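Asks: Quick note, the sequences are listed as chains A and B, same order. For the first sequence, position 490 matches number 490 in this note's numbering, and the numbering has no gaps at all. For the second sequence, position 297 matches number 1297 in this note's numbering, and the numbering has no gaps at all.
Worth flagging that the hints you see were computed from the coordinates, not collected in a lab. Keep in mind it's a predicted model, so treat the numbers as computed, not measured. Ideal Cβ placement from N, Cα and C applies to all residues, glycine included. It is possible that part of the hints are untrue.
[What the hints assert, rightly or not] So the derived label-pair ranges between C-beta atoms look like this:
#1 B:1314 x A:503: 54 to 60 Å
#2 A:75 x B:1322: 51 to 57 Å
#3 A:30 x B:1322: 54 to 60 Å
#4 B:1017 x A:396: 50 to 56 Å
#5 A:325 x B:1212: 55 to 61 Å
#6 B:1034 x A:319: 38 to 44 Å
#7 A:28 x B:1212: 21 to 27 Å
#8 B:1034 x A:467: 55 to 61 Å
#9 B:1212 x A:144: 24 to 30 Å
[Said to hold, decoys possible] Just so you have them, the derived chain A footprint on chain B, three or more residues with Cβ under 8 Å:
#10 1015-1023
#11 1213-1219
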Amino acid sequence: MSSQCSSATDAAQSPPLSPWAVEIVDVCKRFGRTEAIRNVSARVLPGKLTGLVGPDGAGKTTLMRLMAALIAPSAGSVSVAGFDSVRDGERIHALAGYMPQRFGLYEDLSAMENLRLYAHLQGLQPNLHRQTFERLLAFTRLEPFTQRLAGRLSGGMKQKLGLACAMMGRPRVLLLDEPSVGVDPVSRHELWEMVRALTGEGMAVVWSTSYLDEAERCDQVLLMNEGRIEYEGPPGELASALEHRSFRLRNPQQDRRLVLSRALDLKSVCDGVIQGNSVRVVLRKDAGDEEIHGLAREVEAQLAPVAPRFEDAFVDLLGGGPSGTSVIAARMTPVRAEGKVAVECRDLTRRFGNFVATDRISFQVRQGEIFGLLGPNGAGKSTTFKMLCGLLKPSSGQAHVMGLDLGTATSQAKSKLGYMAQKFSLYGLLSARQNLEFSAGIYGFTGAAKRERIGEMIEIFQLRKYLGASPNDLPLGFKQRLALACALMHRPPVLFLDEPTSGVDPITRREFWTHINGLVRKGVTVLVTTHFMDEAEYCDRVALMYQAKVIALDTPDGLKRTVAGDGAAEPTMEAAFIRLIQTVDAKNAELHARQAA
Amino acid sequence: MSVGQAFDRQFDPRRLGALVRKESLQVIRDPSTILIAFVLPVVMLFLFAYAVSLDIRSVRIGVVLESDGAAAQSLAAAFSGTRYFSVAPARDRRELAEELVGGRLRGYVVIPQDFDSRLAFRTGEPLIQIITDGAQPNTASFVAAYAQGVFGAWQSARTHSAAGPFSFEPRFWFNPEIESRRFLVPGAIAIVMTMIGTLLTSMVLAREWERGTMEALMSTPASVVEILVGKLLPYFALGLSATILAALLSTTVFGVPLRGSWLALLLLSSMFLVPALGQGLLISALARNQFIAAEMALLSGFLPALLLSGFLFEIDSMPLPIRALTYVVPARYFVSSLQTVFLAGDAWSGMIPDMLAMLLIGIVFFALARAKTPKSLDA
């Protein structure tokens, strides 16, 4: 295509001059009787990274689809680069790149075949294909994997490929719907840097996310709740309003989970989280700091003011986090301590053909401990988990749960553990009650005992209102409660949580962790995998896995100390995670270089 | 050419080409597709050629010979002599009753004590008694009919030799051996084509919705028409190649003659694929879930093709309401035309109305599918 033609193209693409990349004016969107978007007006600037945040069900995905011209507003108008989404939807499809929340590419096609398909679909001139692919592959660092089937790529690589396809037609607006869900911190960091580079070229990027640390780094933020925009502006401005309301209780002499629970039950506290051996709290607006000072004295912790984060403002704006006492945990019968070690594995190795998924993994988890298993996608976390749950036989090595060998006493050992994975644990075609009945049934409860257990779970988890509904239709928080109820039906002393909060908003996650903390205080042992670094802070100890091995095992504070020398005021789990992985990579590279020499 | 014009058009051959290519790659890589398109026809043909047979051959029956008369002896010999039956002889019917109850015999024929005298004096009383196992109605009626046939042949042979003026000798056209495989094998092709056209197509489209790839496709400039046509073309080609494979197998391995031309066969198959694909498209527009799509395709596509197409059961012997229903089953026209092409030849006068009927049903399906297919994620 000649330059003359492309200038004609530009003229055709930009009709009325609009300073906005996306302009949303008084938009409502109804699905049947539910109102997903209520009277929303917002603007997205070119060359800026705009974060779209909010709890689940706030309407983020609906707003994304409205901007991608995939659905039409019930009232109001959406225009992208000056084109109306209803009248000129086709043009928006051509000039905007959209990456849906679920991986939208074909898993049975190779990375290159997916790229080629999207190049044709976006109408890219064939003579430009090669150089475009080269540019995108270099950008996403996917060159070594072009021939690999998309389904065999790791979570992070899939998202990068999705990004490459969405960027194919050099879009002027890039719409990314939760691109970092299920992606490990290293890949997340890389993805973020890529998108950052794009805004430098003048592209408008909308990045929807439930990671508030990401939102904090955006230029602009649209904060949604219940279909409305609650805040539009730079994230820093929102956070700065919370000056002098964030504190840290350092090294309390009491169990920090109890301290958190007590802090959250204070009237003046609106939010709190565990950070390693500290508890971080946010005070309510116009509340005095006497209560928190009192608590700090009582638990002998050092109280220090800290800089507010966007997350503090987010939770504050949405009315604060959940209270500190878990009704669920309060009703649970305490687990009797039978032995000191709840879960133990020794030299646990699993091979799939030539591929070693886990390589001599060994660790012990004490009773009443929260043990975190972290690592990039494909590090072997899930394989380890499956072997510890008796779902997968190890190639060699042993695993014990409550002193029972999973290899020889599999079913007895299994009766000691509960398993919850957000994705697979509920049946959408059964009602909530039927799901409970099913899990009671598989743990061998019958007759009156079964009715009693189910009744107890319904009461503890407050599920009565939703018994007839399909789990798919439940609000996310209740869906999670239901899954937890099913996993706890047989009162297991050990609970396995496999990415229990993937894609879940901060408020619902806090509620979930309140329950988990409560359960742990009752003596339940918890093993958890997660990609949320702030959740890793709740753990007593964390094992970091990489390339089938455990590369670090320490307390969260211990791990953070490894990067303390970097000069950052507050070392984060994320920084520690990335640093530890880079160290291994550097060692490997050195080894390779020496071998080559 | 400006990009502006490119996306104003509903149809861009390059985009379509990319979609067809993508779909073809997926077809080749999906073992289940290959299974349905190429392994299933082979299995079906073998089943219908060898395992399922509607022919009567060596059916075990008993012959109770109560009389020692010459005519009675000769009739019993006639039963023993036919290849349709394998005869267990007896003197008393009580010996055989138990065998029949035990399922070891499918029926028995009683040649009574006074057979010779009844035959000689033509008393009008029945001459022989035929008892069959009603628990298997098909076999029972075959046994009865064939036993009557044997008796009729025996009788006419007798009268003929006794200077009777006429004799009847039936002659079957097109399938002189009356082998069921010859009409079952062409019918099996219709079943396979229904599986490819309706079942596979509806499932792969439902899969796009289920996996979320449709959402990504819809956000590109590709139009819904392009997406759907890009889906249908590879399956059309797949259906035709399955037909060719099945026809080659039928003629070479199973000895079914192809008396008509390949052109007619492919033309017929193409016409049948129109309603089959249209139905698949309609189902996928209604069900965005592979499981439900498969159920719907089996109930509305596969079962009618099996039961109402005249493939296994003759349409003429169905009750009137059911017979009326067969007119909207595209497989009905396909089966009858296929049997014509294989066993009779290119009888265009019969095939053209069949093709038009299939085309008409196909157009109806496509129109319904178009009305029901969502143009955006809104629906």
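Asks: Does each hint fit the structure? Answer for all of them.
Replies: Taking the hints in turn, this is what the structure says about them:
1. B:1314 x A:503: 54 to 60 Å: Once the Cβ atoms are compared, 58 Å apart, the range 54 to 60 Å for residue 503 (chain A) and residue 1314 (chain B) holds.
2. A:75 x B:1322: 51 to 57 Å: holds (52 Å)
3. A:30 x B:1322: 54 to 60 Å: violated (46 Å)
4. B:1017 x A:396: 50 to 56 Å: Check passed, 51 Å falls within 50 to 56 Å.
5. A:325 x B:1212: 55 to 61 Å: Since the Cβ atoms of residue 325 (chain A) and residue 1212 (chain B) sit about 39 Å apart, the hinted range of 55 to 61 Å is violated.
6. B:1034 x A:319: 38 to 44 Å: Distance hint for residue 1034 (chain B), residue 319 (chain A) is violated at roughly 56 Å.
7. A:28 x B:1212: 21 to 27 Å: With a Cβ separation near 25 Å, residue 28 (chain A) and residue 1212 (chain B) satisfy 21 to 27 Å, so the hint holds.
8. B:1034 x A:467: 55 to 61 Å: violated (45 Å)
9. B:1212 x A:144: 24 to 30 Å: holds (26 Å)
10. 1015-1023: That given contact holds, which follows from 6 residues of the stretch 1015-1023 of chain B lying within Cβ reach (below 8 Å) of chain A.
11. 1213-1219: holds (count 6)
Of the numbered hints listed earlier, those contradicted by the structure are 3, 5, 6, 8.
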